[in-house]
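K.L.:
Single-letter residue listing:
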Amino acid sequence: KAGVTQTPRYLIKTRGQQVTLSCSPISGHRSVSWYQQTPGQGLQFLFEYFSETQRNKGNFPGRFSGRQFSNSRSEMNVSTLELGDSALYLCASSLASAGDEQYFGPGTRLTVT
Amino acid sequence: AQSVAQPEDQVNVAEGNPLTVKCTYSVSGNPYLFWYVQYPNRGLQFLLKYITGDNLVKGSYGFEAEFNKSQTSFHLKKPSALVSDSALYFCAVRDPGAGSYQLTFGKGTKLSVIP
Numbered sequence: 047k048a049g050v051t052q053t054p055r056y057l058i059k060t061r062g063q064q065v066t067l068s069c070s071p072i073s074g075h076r077s078v079s080w081y082q083q084t085p086g087q088g089l090q091f092l093f094e095y096f097s098e099t100q101r102n103k104g105n106f107p108g109r110f111s112g113r114q115f116s117n118s119r120s121e122m123n124v125s126t127l128e129l130g131d132s133a134l135y136l137c138a139s140s141l142a143s144a145g146d147e148q149y150f151g152p153g154t155r156l157t158v159t
Numbered sequence: 402a403q404s405v406a407q408p409e410d411q412v413n414v415a416e417g418n419p420l421t422v423k424c425t426y427s428v429s430g431n432p433y434l435f436w437y438v439q440y441p442n443r444g445l446q447f448l449l450k451y452i453t454g455d456n457l458v459k460g461s462y463g464f465e466a467e468f469n470k471s472q473t474s475f476h477l478k479k480p481s482a483l484v485s486d487s488a489l490y491f492c493a494v495r496d497p498g499a500g501s502y503q504l505t506f507g508k509g510t511k512l513s514v515i516p
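Protein sequences, first through last, are from chains A and B. 47 is the number of the first residue of the first sequence in the numbering used here; add one for each residue after it. 402 is the number of the first residue of the second sequence in the numbering used here; add one for each residue after it.
In isolation and in its complexed conformation, chain A is listed as follows:
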């Protein structure tokens, strides 16, 4: 079974631009979560989607948004990029319930200059 895939793997953007990251979950997984990983803040939860609905949202500004499609694939968008948005963005998928473990993709490394 194929793992979680994320595209692109690396991205360089300038301040003020916007970016869209994509995540394809493991087949059969209906929940997709997004995290931001930085050396200073560690892993921070962005949001979680299930059946195209956002179930939980972390404490990030409205510039960070996401969506999930009917095939469970997910995208996250960051508008008006800031230098502090430079990070590794990780996507994780799981079956559905709170007790299910999440499986992570390799991440997208975003650098904002």
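Honestly, the hints are just simulated from the structure, not real lab data. All figures in this text were calculated on a predicted structure; none of them were measured in a lab. Honestly, I wouldn't trust all of these hints.
Pairs of lysine-lysine residues, derived as BS3-like cross-links and limited to a Cα-Cα distance of at most 27 Å, are as follows [as the list claims (entries may be wrong)]:
hint, chain 1, residue 1, chain 2, residue 2
1, B, LYS478, B, LYS423
2, A, LYS103, B, LYS508
3, B, LYS508, B, LYS450
4, B, LYS470, B, LYS423
5, B, LYS478, B, LYS511
6, B, LYS478, A, LYS103
With the hints as your guide, set chain B onto chain A.
P.N.:
Just chain B now, kept in the frame of chain A:
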């Protein structure tokens, strides 16, 4: 609110010795607890979880963890460390009683196994 703490930024252990990576948590109800490992330039890999039942949970690569409700801890252990165990380890908690599907991670503990 749910939270998790990993009190040690780094743990050094000699190869062949037992290792322990510490984790404590805070939730309003009964927790779901997870351990993940991250190798350099890679995503996180699931090691094990505690949902309910036996307090001692066994997982991948010979790792195990013990859930201690009175001490609100979920320490990761392995009887004999390997150099290949060197990586970043994350403890995570979810509070299903609060209706949350959010997984909250600790800051991570860097494990170095010395040959």
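K.L.:
Now tell me if each hint is right for this structure.
P.N.:
Structure-based check of each hint:
Restraint check: the Cα-Cα separation between LYS478/B and LYS423/B comes to about 9 Å, which is no more than 27 Å; the hinted pair holds. For the suggested pair LYS103/A and LYS508/B, the alpha carbons sit about 19 Å apart, so the restraint of at most 27 Å is met. Our distance criterion of 27 Å between C-alpha atoms is met by LYS508/B and LYS450/B, whose separation comes to about 18 Å. Proposed proximity of LYS470/B and LYS423/B is supported: the alpha carbons are some 14 Å apart, at most 27 Å.
Of the pairs offered as hints, the one joining LYS478/B and LYS511/B holds, with about 14 Å between alpha carbons and a cut-off of 27 Å not exceeded. For the hint pairing LYS478/B with LYS103/A, the CA-to-CA distance comes to about 32 Å; that exceeds 27 Å, so the pair is violated.
Hint violations for this structure: number 6 only, all remaining hints satisfied.
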